[in-house]
Amino acid sequence: MGKPNSRNKRSVPGTIRVAMVNGTGSAGVLHFPSLLQHPRVDFTAVTHRPGSRLESIATREGLNQYQDFVEMVKREHPDAVYVTVPPLERFDVVSALLELGCHTFVMKPPSLTTDQIRQMALLARKQGLLTGVVFYRRFSDVVRKGKQLCTENGEVHTAVASFYKYAVGAGPYSRGGIDILTSDAIHGVDTLRYLCGGRVEGVFSNVRKINADHHNAFQAIIKFSSGRTGVLLANWMSGRRMFTVEVHGPGVSCFGDLEEGGRIFKENKTDPVSTFPSLGNQHDTEYYRTFGIPEINIPKTGWHKTVNDHFIDCILANRQPETCFQDALETMELVDAIYNSQI
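Here this note's numbering runs 254 ahead of the position in the sequence shown, where the first position is 1.
Treat each hint with caution, since some may be false.
[Unchecked claim] In the SDA-like style, the derived pairs of lysine to any residue whose C-alpha atoms are separated by at most 25 Å in a straight line are: (1) Lys399 x Ser480; (2) Lys399 x Ile518; (3) Lys419 x His469.
Everything labelled a hint here was simulated from the structure, so no lab data went into it.
Modelling step: build the complete structure from the supplied sequences, incorporating the hints.
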């Protein structure tokens, strides 16, 4: 690995050289298509960590391939690197990339602990680098449009994020190396922060172990400095996987399912005044409704495309992405507060 090929060239002006450090799991698979197709991205190289599923597509696309990401960075000189390794490996990889001067995009959670993301944010600031975390559910049309439409008559006063999964009989994540709220249900936590805005002023929570030896149910009421109240409802002991939101403003409400779409209700009318899909026409809606992992050369990549486009646009404009490490720190701090504020 590391042998140059046709893609080992200088980038066209106005493009971003992107590389990836990939490990086990599907994260790299989901981000690869939209990055390969982005007109302003020169996808140059991949480092394969143990368990990587990207060897065949990297070969097909003519990418340079490595086993050592430090060697990859020194040879390829990428502007930005995507880190799609498991949570237990992220801190060391991301810290090293920041020290090497790379803008960095990482999966969720950005780190195992809040102090780790705090140190990552400090290092990125010291290095003058741009960073991003894949909190893509806040980029969903249901979340964005729901918030926008519910502010037409005034400010949003209440938001609810519900995240459910069927994991009856399942063990803890990574054999207990990381908890469900930090690793996965954090999507609901981050979505609430986006919908409510401001900083957290108070938390009342209930965290439970339902027929398990690890925490698998999380409920919280959160008071924000914006004056809004957020409600988190998450458990892994449900009948099916589902992510829904509610957004309430004066006389208007949005009820949305991030795979099924959103409905807007106004002025006590029983029928919605408007409906909208979860994804625009440029996305493969059926794929995201089933949430499966089909062939890795799928042409459309939904929310992953949206958050990737945002990150690339921010690098081109030299502005900090919405889900930068500093913002992700506040999401991780709220996760801690949910554990530490149980009633």
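Under the criterion that the straight-line Cα-Cα distance not exceed 25 Å, is the pair Lys399, Ser480 satisfied? holds (19 Å)
For Lys419 and His469, compute the direct alpha-carbon distance and say whether it is at most 25 Å. Since the Cα atoms of Lys419 and His469 sit roughly 13 Å apart, the hinted pair holds (cutoff 25 Å).
25 Å Cα cutoff - pair Lys399, Ile518: The hint holds at about 10 Å.
Consistency with the previously given hints is maintained throughout, with no hint failing.
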